[in-house]
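Asks: Sequence:
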Amino acid sequence: MTEAVPASPSTGAFDPASATIAIVTFNRSHLLTGLLESISAMEPKPGHVVIVDNASQDDTTEVVESFRDRIGTELVYRRLDTNTGGSGGFSEGMRVAYELGSEWIWLMDDDVEVLPQGLAQMGKWAPRFKSIQGRRYDYDGSAFYWQYRIAERMGIPIPFAPAGFDATGFKEMNSGCFEGMFIHRSIVQQIGLPDPRFFIYWDDQMYGWLASRKTTAVIVDEFVLRRTREIKQWDMGIRHMNASSNAYRYYIMRNRAYIKHYYRALGVYNPVLFGLGTTMTFAKELIRLLFVERTVRGTSNLFRGIRDGGRIARDRSWQPMAPLEA
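In terms of the UniProt record's numbering, the sequence shown opens at residue 1 and continues consecutively.
In short, the hints are calculated from the structure, not lab data. Please note that a few of the clues may not be correct.
[Stated by the list, open to error] In the DSSO-like style, the derived pairs of lysine-lysine whose C-alpha atoms are separated by at most 30 Å in a straight line are:
#1 Lys284 <-> Lys124
#2 Lys214 <-> Lys45
#3 Lys124 <-> Lys45
Throw the hints in and build the complete structure from the sequences for me.
Replies: Right, here's the structure in full:
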């Protein structure tokens, strides 16, 4: 594994205008409205807001246009011809932000709101780190628990990574989440765009892992986002397990093949440990079905994902995403 190079403090202060917020949306104009309202109320604001619309069939275009003159910064709208999933949307959003010359790119879904000082709070850490994750409030106002570290060789999140922060105010991570990832263009240049082939699931974990191989990636003790969509959950005491969907179940298993390809390409693939991680992922999804969704229907999607993932894993022509030109 390539060792991460600790980020050194910069002599220059963070310039909010150097940042771009990149949003991916799909048929949720009511949620997008709330997010754009929160950006309108932010201070300071980013230099650009990029919205990637995954071919929505609702009034998303009209909503976006209604904010163009009142959001308080330049708004760039990209409506795609087809639904490319979150993976394709974030890949396009990152591409647009990078081509705009953004020094910092802040990724987020449409089902969050930005807290008024969110960009300033992230900017405090920008002189020190180049891959940063802030904290989020859940729909009910509690602190959202996110598994910020993975067991690398197994390719799965560590279920109970310590949640508390010490006096430093940050924790090193080797993962990522596109619901709030704040990343510097120099890292994007080195690892390329997010991989749209994932469609949904594991894409942000992989991208965060790739970033952590190039720089010291951190989650910081700053609440900067609030989730605005309620999701059915199983309260396990120290953490929650969210409900899923048949599509998610399929891609959770299928996309293990893409992780395997990346691991092989970067020389960290261990068939025994990775196979164990895949088995644990399958077991976790069965538990999710039984205890969160109270059903056994949906298991066929897990098996379809395993089948199609096998085909992807056998593709000898596969290549990882390429670095970007300066």
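Asks: Decide if the proposed pair is consistent with the structure: Lys214 and Lys45, CA atoms, cutoff 30 Å inclusive.
Replies: Holds, because 28 Å separates the two Cα atoms, which is no more than 30 Å.
Asks: Can you confirm whether the C-alpha distance between Lys124 and Lys45 stays at or below 30 Å?
Replies: 14 Å, holds
Asks: Going straight from one Cα to the other, do Lys284 and Lys124 come out at no more than 30 Å?
Replies: Cα-Cα ~37 Å, so violated.
Violated hints amount to a single one, hint 1; each of the other numbered hints is respected by the structure.
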